[in-house]
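Trainee: Each chain, written out:
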Amino acid sequence: MNLESKIPEGPLAEKWSRHKFGLKLVNPANKRKYDVIVVGTGLAGASAAASLAELGYNVKAFCFQDSPRRAHSIAAQGGINAAKNYQNDGDSIFRLFYDTVKGGDYRAREGNVYRLAEVSVNIIDQCVAQGVPFAREYGGLLANRSFGGAQVSRTFYARGQTGQQLLLGAYSALSRQIANGKVKMYPRTEMLDVVVQDGKARGIVTRNLVTGKIESHAAHAVLLCTGGYGNVFYLSTNAMGSNVTAAWRAHKKGAFFGNPCFTQIHPTCIPVKGDYQSKLTLMSESLRNDGRVWVPKTKEDAEKIRKGQLKATDLKEEDRDYFLERRYPAFGNLVPRDVASRNAKNMCDEGRGVASTGLAVYLDFADAIKRDGQKTIEAKYGNLFEMYEKIVDDNPYETPMMIYPAVHYTMGGLWVDYNLMTSIPGLYALGEANFSDHGANRLGASALMQGLADGYFVIPYTLGDYLATIGPADKVSVDNPAFKEAEANVKHTIDRFLNTKGTKPVDTYHKELGHIMWEYCGMSRTAEGLAKAKKMIQALKADFWQNVRVVGENEEMNQALENAGRVADFIELGELMVDDALAREESCGGHFREEYQTPDGEALRNDAEFAYVAAWEYKGENKPEVLHKEELVFENVKLTQRSYK
Amino acid sequence: MKVNLKVWRQRNGNAQGKLVDYQLDNVSPDMSFLEMIDVLNGELTMKGEEMIAFDHDCREGICGMCSMYINGRAHGPQTGATTCQLHMRSFSDGDTIVVEPWRARAFPVIKDLMVDRSAFDRVVQAGGYVSVNTGSARDANETLIPRPIADEAMDAAQCIGCGACVAACKNASAMLFVAAKVSHLAVLPQGQAEASLRAEKMVAQMDAEGFGACSFTGACSVECPKSISLDHIARLNREYLGSKVTSQAI
Ligand SMILES: Cc1cc2nc3c(=O)[nH]c(=O)nc-3n(C[C@H](O)[C@H](O)[C@H](O)COP(=O)(O)OP(=O)(O)OC[C@H]3O[C@@H](n4cnc5c(N)ncnc54)[C@H](O)[C@@H]3O)c2cc1C
Ligand code: SF4
Ligand code: FES
Numbered sequence: 001m002n003l004e005s006k007i008p009e010g011p012l013a014e015k016w017s018r019h020k021f022g023l024k025l026v027n028p029a030n031k032r033k034y035d036v037i038v039v040g041t042g043l044a045g046a047s048a049a050a051s052l053a054e055l056g057y058n059v060k061a062f063c064f065q066d067s068p069r070r071a072h073s074i075a076a077q078g079g080i081n082a083a084k085n086y087q088n089d090g091d092s093i094f095r096l097f098y099d100t101v102k103g104g105d106y107r108a109r110e111g112n113v114y115r116l117a118e119v120s121v122n123i124i125d126q127c128v129a130q131g132v133p134f135a136r137e138y139g140g141l142l143a144n145r146s147f148g149g150a151q152v153s154r155t156f157y158a159r160g161q162t163g164q165q166l167l168l169g170a171y172s173a174l175s176r177q178i179a180n181g182k183v184k185m186y187p188r189t190e191m192l193d194v195v196v197q198d199g200k201a202r203g204i205v206t207r208n209l210v211t212g213k214i215e216s217h218a219a220h221a222v223l224l225c226t227g228g229y230g231n232v233f234y235l236s237t238n239a240m241g242s243n244v245t246a247a248w249r250a251h252k253k254g255a256f257f258g259n260p261c262f263t264q265i266h267p268t269c270i271p272v273k274g275d276y277q278s279k280l281t282l283m284s285e286s287l288r289n290d291g292r293v294w295v296p297k298t299k300e301d302a303e304k305i306r307k308g309q310l311k312a313t314d315l316k317e318e319d320r321d322y323f324l325e326r327r328y329p330a331f332g333n334l335v336p337r338d339v340a341s342r343n344a345k346n347m348c349d350e351g352r353g354v355a356s357t358g359l360a361v362y363l364d365f366a367d368a369i370k371r372d373g374q375k376t377i378e379a380k381y382g383n384l385f386e387m388y389e390k391i392v393d394d395n396p397y398e399t400p401m402m403i404y405p406a407v408h409y410t411m412g413g414l415w416v417d418y419n420l421m422t423s424i425p426g427l428y429a430l431g432e433a434n435f436s437d438h439g440a441n442r443l444g445a446s447a448l449m450q451g452l453a454d455g456y457f458v459i460p461y462t463l464g465d466y467l468a469t470i471g472p473a474d475k476v477s478v479d480n481p482a483f484k485e486a487e488a489n490v491k492h493t494i495d496r497f498l499n500t501k502g503t504k505p506v507d508t509y510h511k512e513l514g515h516i517m518w519e520y521c522g523m524s525r526t527a528e529g530l531a532k533a534k535k536m537i538q539a540l541k542a543d544f545w546q547n548v549r550v551v552g553e554n555e556e557m558n559q560a561l562e563n564a565g566r567v568a569d570f571i572e573l574g575e576l577m578v579d580d581a582l583a584r585e586e587s588c589g590g591h592f593r594e595e596y597q598t599p600d601g602e603a604l605r606n607d608a609e610f611a612y613v614a615a616w617e618y619k620g621e622n623k624p625e626v627l628h629k630e631e632l633v634f635e636n637v638k639l640t641q642r643s644y645k
Numbered sequence: 001m002k003v004n005l006k007v008w009r010q011r012n013g014n015a016q017g018k019l020v021d022y023q024l025d026n027v028s029p030d031m032s033f034l035e036m037i038d039v040l041n042g043e044l045t046m047k048g049e050e051m052i053a054f055d056h057d058c059r060e061g062i063c064g065m066c067s068m069y070i071n072g073r074a075h076g077p078q079t080g081a082t083t084c085q086l087h088m089r090s091f092s093d094g095d096t097i098v099v100e101p102w103r104a105r106a107f108p109v110i111k112d113l114m115v116d117r118s119a120f121d122r123v124v125q126a127g128g129y130v131s132v133n134t135g136s137a138r139d140a141n142e143t144l145i146p147r148p149i150a151d152e153a154m155d156a157a158q159c160i161g162c163g164a165c166v167a168a169c170k171n172a173s174a175m176l177f178v179a180a181k182v183s184h185l186a187v188l189p190q191g192q193a194e195a196s197l198r199a200e201k202m203v204a205q206m207d208a209e210g211f212g213a214c215s216f217t218g219a220c221s222v223e224c225p226k227s228i229s230l231d232h233i234a235r236l237n238r239e240y241l242g243s244k245v246t247s248q249a250i
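Protein chains in written order, with this note's numbering: chain A, 1 to 645; chain B, 1 to 250.
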């Protein structure tokens with residue numbers, strides 16, 4: 001199979017306009033003859049479903065929560081980037097493009113990233129028109145902040161709840177189309193398979209989470225907007241229900257999986273406390289604009305702090321190591337996420353970590369409070385400080401916050417071409433569910449941008465081209481054997497979970513998988529560790545299918561059953577991530593192989609051999625997957641070692 | 001620490017429910033309330049009993065999914081916080097804790113502690129939006145919105161749609177929820193054109209869903225995890241009265 005990215009010819013800045021012009025259009029009167037399925041109603045899915053319905057297509061949308069308003073996108077705090085250059089500080093579409101390609105450590109497609117930067121400006125206009133209450137200046141103009149190491153202020157925000165406000169905007173547009181009868185919404189419904197017939201995606205099989213009913217839905221095209229798979233690590237900043245099931249089942253039906261090992265570990269999260277812990281809470285990256293990261297200079301002091309014999313505030317200035325400022329004088333505390341995370345880990349590995357676990361570093365606001373006053377700091381971060389205090393029971397205005405890196409985002413996902421189509425014709429992937437625009441590391445405030453770009457401004461054009469090509473008659477009914485077979489498979493898997501009647505709850509397996517992934521496929525990776533992890537995951541998989549315990553029935557609300565399916569898929573994905581990490585014999589972005597580093601411990605890329613997208617093809621149960629390579633071509637940026645010194 | 005739990009168990013919407021006693025030893029004060037329930041669910045599974053069903057997702061107070069009525073209070077004893085933000089350190093060793101679902105006619109029980117809040121979605125579908133299609137927006141800075149106005153809109157827009165206001169109200173009224181949405185859009189220039197019509201349609205849908213009348217006791221605002229202010233109800237009333245003068249919808 002030939003991997004065609006379909007990046008249009010021509011100069012970078014003209015690619016998208018030319019491409020749009022070349023795309024086939026569906027005649028307005030014909031749009032109502034097409035049915036489109038949108039799975040997932042986070043930023044990507046809600047914006048796509050609403051926009052497609054506005055154009056006149058018949059949309060069916062699905063989510064597993066009780067309402068589209070609750071998708072994981074709601075939790076995004078910090079903000080959304082756009083190349084508006086409202087601050088006149090030298091921003092431009094090209095600069096946003098350049099920063100994103102560089103930030104991703106040169107493992108993303110130039111064409112996609114440029115388009116993302118280009119439509120970013122329309123997103124802000126659209127959201128404001130919907131009534132999204134972005135932060136404003138006194139004169140009424142939009143306010144911006146710099147975010148995630150960017151040297152220009154291009155981030156738009158709504159207090160610490162940007163994701164919430166953007167999602168509520170998209171949800172309101174979606175609600176309007178539901179009321180218009182153009183979208184039929186199926187909440188509390190989980191997609192469990194994609195139906196492929198005659199080489200095209202024809203629909204999906206779902207389970208109603210309240211009644212257990214298994215149902216088929218047919219359409220001309222299927223869009224997966226099902227979010228990221230960070231929960232493969234068990235503990236992450238993702239919502240509890242975030243999962244890979246939709247993407248993974250599509251993968252098993254022939255959709256290639258792109259760069260599965262590219263995961264983002266966010267540096268500023270509240271550290272792990274105990275075994276019972278179910279999730280990790282992010283402290284927005286914006287805190288690094290004013291907070292200074294440090295650990296004690298000596299192991300002895302760190303030891304005393306861990307034992308509770310010494311407090312952070314007892315340590316004199318000269319006994320502290322502001323390690324990011326020391327190692328990266330130009331960027332200081334604002335280095336990209338992968339760099340900040342790895343450095344925090346190194347400090348803890350050296351024995352200089354704090355908290356009783358030794359797995360934490362300080363994020364200190366004392367200087368900022370002295371400089372700007374507590375009022376100013378409160379105005380900027382009040383809600384985050386409150387959240388911290390609620391969880392940790394410690395006042396961050398008085399003692400420094402403690403933070404530690406945690407799994408946050410997955411750059412990998414279903415492989416898609418420039419039109420966002422997967423390797424299965426008629427099956428698309430949008431938002432965090434695809435692998436597309438962030439390369440090996442995502443910059444802050446760019447996931448919200450990508451989700452909305454895909455949904456509002458890319459898919460409404462590219463989908464039309466496919467639909468116009470196949471024509472309205474090219475649809476298969478749910479009575480087709482392909483649907484019946486998929487339904488039977490789904491039922492079979494459910495029966496297997498319920499009938500195993502083993503001894504261990506699903507969660508036990510999820511936690512175990514998380515430990516393996518975090519230890520061997522987390523912030524730093526080695527060939528030896530990955531090989532070990534592969535064996536451990538295979539053993540875990542065998543154990544799971546023999547000993548898992550799922551109580552209850554299918555024909556009712558059964559959260560254990562839902563979870564069993566998700567964990568089974570995570571286990572298989574975990575193995576692929578390990579394969580991918582092993583095959584990529586270089587370090588880039590969030591993927592750090594200890595064997596490949598510069599003398600001073602920075603990631604060492606190998607552009608000659610690894611400037612490609614790894615697209616994995618499923619070959620069947622327990623068979624090795626096949627790696628396809630999409631070479632990345634750089635015509636507009638020069639590949640250099642990222643330097644933040 | 002040890003806690004004695006009395007948890008509402010109900011197989012489905014048609015079944016009878018009852019409070020069932022459970023005891024948990026080894027609870028850490030640093031656990032969140034939901035993590036405590038996770039531990040209990042793990043123990044139940046090992047005994048071959050069904051887990052307690054409850055809604056949750058983000059576990060950081062923003063998705064609005066969690067919804068427990070704890071010791072007679074929506075989201076438990078803390079103010080300005082959701083159930084998932086409650087920690088066991090808010091309780092003492094040996095405490096008895098009663099956990100029930102939201103109780104309201106418009107929120108039927110699905111199972112155990114899980115209720116159906118889709119009525120809220122239908123209220124939003126009735127008019128909780130600005131009628132603008134993708135692609136037809138003008139430059140964002142062409143609409144000037146002074147900071148105090150943007151702040152006021154944001155105060156209202158923070159509502160997470162959890163339904164605690166309904167659960168806390170003796171009439172099971174949804175006024176605070178509806179007012180928050182109406183107010184958010186009514187103060188912004190983008191939302192003003194449809195402000196009265198929106199209020200009228202959303203209130204009509206609220207009534208149709210079977211939510212009770214508002215008697216302005218303020219219980220909702222006290223229990224609201226986002227501390228949405230009663231002022232928004234006053235604004236909703238103004239918009240609604242305005243709509244009655246020039247009624248277009250109904
Ligand atoms: C704590 C936190 C803070 C963040 N802050 C920022 C930020 O400040 N700026 C930024 O740019 N990015 C941020 N991000 C990242 C960003 O929020 C996400 O990448 C983005 O919101 C993902 O959107 P999405 O639409 O792709 O997926 P999601 O919002 O995850 O939506 C997934 C949807 O798919 C549905 N779904 C999933 N599986 C199925 C299935 N099998 N069947 C049916 N439905 C299914 C779900 O119900 C849901 O509707 C943050 C992430 C986290 C975790
Ligand atoms: S107004 Fe408050 S209590 Fe009511 S739904 Fe909104 S956030 Fe929840
Ligand atoms: S689980 Fe999201 S608000 Fe509690």
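Please keep in mind that the hints were generated in silico from the structure rather than gathered at the bench.
By construction, the Cβ of each residue, glycine as well, lies at the ideal position given by its N, Cα and C atoms.
Accuracy of the hints is not assured; some may be wrong.
[As the list claims (entries may be wrong)] Here are the simulated lysine to aspartate or glutamate pairs, DMTMM-like style, with alpha carbons at most 25 angstroms apart:
hint, chain 1, residue 1, chain 2, residue 2
1, A, K184, B, D116
2, A, K491, B, E50
3, A, K484, A, D579
4, A, K501, B, E49
5, A, K273, B, D151
6, B, K47, A, D507
7, A, K623, A, E485
8, A, K297, A, E602
9, A, K504, B, D151
10, A, K20, A, E9
11, B, K2, A, E553
12, A, K390, B, E50
13, A, K638, A, D198
14, B, K47, A, E562
15, A, K390, B, E49
16, A, K491, B, D151
17, A, K380, B, D151
18, A, K182, B, D116
19, A, K504, B, D116
20, A, K511, B, D207
21, A, K541, A, E602
22, B, K47, A, E14
23, B, K47, A, E553
24, A, K501, B, E43
25, A, K511, B, E43
26, A, K475, A, E485
[As the list claims (entries may be wrong)] Here are the computed distance ranges between Cβ atoms for each label pair:
hint, chain 1, residue 1, chain 2, residue 2, range
27, B, Q192, A, G308, 52 to 60 angstroms
28, A, Q597, B, V98, 37 to 45 angstroms
29, A, T399, B, R73, 29 to 37 angstroms
30, B, V222, A, G601, 30 to 38 angstroms
31, A, L23, B, S90, 55 to 63 angstroms
32, B, D95, A, D349, 34 to 42 angstroms
33, A, Y276, B, V222, 29 to 37 angstroms
[Claimed, not checked] If you want a taste of the chain A side facing chain B, the calculated C-beta under 10 angstroms gives, among others:
hint, residue
34, P68
35, C127
36, G169
37, N395
38, E398
Trainee: Hint by hint, say whether it matches the structure.
Mentor: We went through each hint and held it up to the structure:
{"no.": "1", "hint": "A/K184 x B/D116", "result": "holds, 18 angstroms"}
{"no.": "2", "hint": "A/K491 x B/E50", "result": "holds, 21 angstroms"}
{"no.": "3", "hint": "A/K484 x A/D579", "result": "violated, 33 angstroms"}
{"no.": "4", "hint": "A/K501 x B/E49", "result": "holds, 12 angstroms"}
{"no.": "5", "hint": "A/K273 x B/D151", "result": "violated, 36 angstroms"}
{"no.": "6", "hint": "B/K47 x A/D507", "result": "holds, 15 angstroms"}
{"no.": "7", "hint": "A/K623 x A/E485", "result": "holds, 22 angstroms"}
{"no.": "8", "hint": "A/K297 x A/E602", "result": "holds, 21 angstroms"}
{"no.": "9", "hint": "A/K504 x B/D151", "result": "violated, 50 angstroms"}
{"no.": "10", "hint": "A/K20 x A/E9", "result": "holds, 12 angstroms"}
{"no.": "11", "hint": "B/K2 x A/E553", "result": "violated, 31 angstroms"}
{"no.": "12", "hint": "A/K390 x B/E50", "result": "violated, 31 angstroms"}
{"no.": "13", "hint": "A/K638 x A/D198", "result": "violated, 43 angstroms"}
{"no.": "14", "hint": "B/K47 x A/E562", "result": "holds, 19 angstroms"}
{"no.": "15", "hint": "A/K390 x B/E49", "result": "violated, 33 angstroms"}
{"no.": "16", "hint": "A/K491 x B/D151", "result": "violated, 50 angstroms"}
{"no.": "17", "hint": "A/K380 x B/D151", "result": "holds, 13 angstroms"}
{"no.": "18", "hint": "A/K182 x B/D116", "result": "holds, 23 angstroms"}
{"no.": "19", "hint": "A/K504 x B/D116", "result": "violated, 30 angstroms"}
{"no.": "20", "hint": "A/K511 x B/D207", "result": "violated, 46 angstroms"}
{"no.": "21", "hint": "A/K541 x A/E602", "result": "violated, 35 angstroms"}
{"no.": "22", "hint": "B/K47 x A/E14", "result": "violated, 64 angstroms"}
{"no.": "23", "hint": "B/K47 x A/E553", "result": "holds, 16 angstroms"}
{"no.": "24", "hint": "A/K501 x B/E43", "result": "holds, 15 angstroms"}
{"no.": "25", "hint": "A/K511 x B/E43", "result": "holds, 16 angstroms"}
{"no.": "26", "hint": "A/K475 x A/E485", "result": "holds, 17 angstroms"}
{"no.": "27", "hint": "B/Q192 x A/G308: 52 to 60 angstroms", "result": "holds, 57 angstroms"}
{"no.": "28", "hint": "A/Q597 x B/V98: 37 to 45 angstroms", "result": "violated, 56 angstroms"}
{"no.": "29", "hint": "A/T399 x B/R73: 29 to 37 angstroms", "result": "holds, 31 angstroms"}
{"no.": "30", "hint": "B/V222 x A/G601: 30 to 38 angstroms", "result": "violated, 53 angstroms"}
{"no.": "31", "hint": "A/L23 x B/S90: 55 to 63 angstroms", "result": "holds, 57 angstroms"}
{"no.": "32", "hint": "B/D95 x A/D349: 34 to 42 angstroms", "result": "holds, 41 angstroms"}
{"no.": "33", "hint": "A/Y276 x B/V222: 29 to 37 angstroms", "result": "holds, 31 angstroms"}
{"no.": "34", "hint": "P68", "result": "holds, 8 angstroms"}
{"no.": "35", "hint": "C127", "result": "holds, 8 angstroms"}
{"no.": "36", "hint": "G169", "result": "holds, 9 angstroms"}
{"no.": "37", "hint": "N395", "result": "violated, 15 angstroms"}
{"no.": "38", "hint": "E398", "result": "violated, 19 angstroms"}
The structure fails to meet hints 3, 5, 9, 11, 12, 13, 15, 16, 19, 20, 21, 22, 28, 30, 37, 38 from the earlier list, while all remaining hints are met.
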